[in-house]
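With the hints as your guide, set chain B onto chain A.
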Amino acid sequence: MKKTMTLNLTDAEMRVLDDLSSRKDLSKTAVLRQALRLYQAVEIRVEKGDKLVFENEETREKAELMLL
Amino acid sequence: MVDVSTIYLVTGDTREPVPAELRDAIEEQQLIDWQTQWQPAMIDTLKELAQRGVPLAQWPQSWHWDWRKKQAGVAGLLAFPGFSIVAEGMTQGLMQLDLTRAARWQAHAGKPLAYIDYLEVAPWNRPDLGSTLRLKGVGTALLTAAVALSQAEGFKGRIGLHSLPQADAFYARSGFEDLGPDGNYQGLRYFEMTEERARAFFEEE
Chain A
1 MKKTMTLNLT
11 DAEMRVLDDL
21 SSRKDLSKTA
31 VLRQALRLYQ
41 AVEIRVEKGD
51 KLVFENEETR
61 EKAELMLL
Chain B
1 MVDVSTIYLV
11 TGDTREPVPA
21 ELRDAIEEQQ
31 LIDWQTQWQP
41 AMIDTLKELA
51 QRGVPLAQWP
61 QSWHWDWRKK
71 QAGVAGLLAF
81 PGFSIVAEGM
91 TQGLMQLDLT
101 RAARWQAHAG
111 KPLAYIDYLE
121 VAPWNRPDLG
131 STLRLKGVGT
141 ALLTAAVALS
151 QAEGFKGRIG
161 LHSLPQADAF
171 YARSGFEDLG
181 PDGNYQGLRY
191 FEMTEERARA
201 FFEEE
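Sequence order for the protein chains is A and B.
Letter 6 of the first sequence, counting from 1, is numbered 6 in the working numbering, and no numbers are missing.
Letter 34 of the second sequence, counting from 1, is numbered 34 in the working numbering, and no numbers are missing.
The hints are simulated quantities; they were obtained by calculation from the structure and are not laboratory data.
Each hint should be verified, as a subset may be incorrect.
In silico lysine to aspartate or glutamate, EDC-like type, Cα no more than 16 Å apart, as pairs [unchecked claim]:
hint	chain 1	residue 1	chain 2	residue 2
1	A	Lys24	B	Glu195
2	A	Lys28	A	Asp18
3	B	Lys111	B	Asp98
4	B	Lys136	B	Asp13
5	B	Lys111	B	Glu196
6	B	Lys111	A	Asp19
7	B	Lys156	A	Glu13
8	B	Lys156	B	Glu203
9	B	Lys69	B	Asp117
10	A	Lys28	A	Glu13
11	B	Lys69	B	Glu27
12	A	Lys2	B	Asp3
13	B	Lys111	A	Glu13
These numbers come from a predicted model, not from an experiment.
Next comes chain A alone, as it looks inside the complex:
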């Protein structure tokens, strides 16, 4: 069962949400649900001591994302 809540976002945050919604072809709710899944998955990995690293497929260059 799903529950409804009101979300207060700034204009800038709303623009990002609109942009992601458009680029990913998702409703705004679906974008936020996806963001929650990813945030939870990252948090749990980081809590276990893992690092979040991005790798450029062409150059194989790696960059660590710092989570504060």
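Frame of chain A, contents of chain B only:
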């Protein structure tokens, strides 16, 4: 709270309908069934294959999958939902998904999809193991559940997976696009069901 839907499978010999539960979770009972029923049946099959001198390449390629470990790795994580099918008091199929992946099919590249990390049916329901199937339709029912979840999440029915070679033909005839071997994934073929194919698949099922 686990969501349970009633679906129908058919018996392998007489094609009689058999009611089954599609559950949107893999719970402890499923892992007990896997451990106490699937594994012994799989071990018996492997022994028989060894006795008959069947080459290793033709053995069931998922024989080493450890569902308890797989579930422990994703426990509580929203991004990795599991599904199970229960019929005749026994777990008949299991599936674990990953909702963090993106489509590769050119027309939808970068858009989210439901990626099937693992899908396995009980050894007695596997057509590749030779004997008469107890129940038919378990794999297709799990695929249908993946498409339905993808639609419910706003992913338009898109699903993807890497197939073990023995299952390539099953996914090809289930309406997936074959994007070929993936060099970054042990050379396994990557299959994707597009929005259009998903709609057609769902209507057929």
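Are the Cα positions of lysine 28/A and glutamate 13/A separated by 16 Å at most?
Judged against 16 Å, a Cα distance of about 12 Å means the pair holds.
With a cut-off of 16 Å on the C-alpha distance, tell me whether lysine 24/A and glutamate 195/B pass.
14 Å, holds
Is lysine 28/A within 16 Å of aspartate 18/A, Cα to Cα?
7 Å, holds
Given the hint that lysine 111/B pairs with glutamate 196/B, does the C-alpha gap stay at or below 16 Å?
14 Å, holds
Is lysine 111/B close enough to aspartate 19/A, meaning Cα to Cα at most 16 Å?
Roughly 13 Å separates the two Cα atoms, so the pair holds.
Given the hinted pair lysine 2/A and aspartate 3/B, is their alpha-carbon gap at most 16 Å?
13 Å, holds
Between lysine 69/B and aspartate 117/B, does the CA-CA distance stay at or below 16 Å?
Given that 16 Å is the threshold and the Cα spacing comes to 13 Å, the pair holds.
Take the C-alpha atoms of lysine 156/B and glutamate 203/B, compute the straight-line distance between them, and say whether it is at most 16 Å.
Satisfied, since the Cα-Cα distance of roughly 14 Å is no more than 16 Å.
What's the verdict on lysine 111/B and aspartate 98/B, does the C-alpha distance respect the 16 Å limit or exceed it?
14 Å, holds
If you draw a straight line from the CA of lysine 111/B to the CA of glutamate 13/A, is it 16 Å or shorter?
Violated, at roughly 21 Å.
Please work out if lysine 136/B and aspartate 13/B have their alpha carbons no farther apart than 16 Å.
Holds, at about 9 Å.
Need the status of pair lysine 156/B, glutamate 13/A: alpha-carbon distance at most 16 Å?
Answer violated: lysine 156/B to glutamate 13/A is near 25 Å, above 16 Å.
Violated hints for the displayed structure, listed by number in ascending order: 7, 13.
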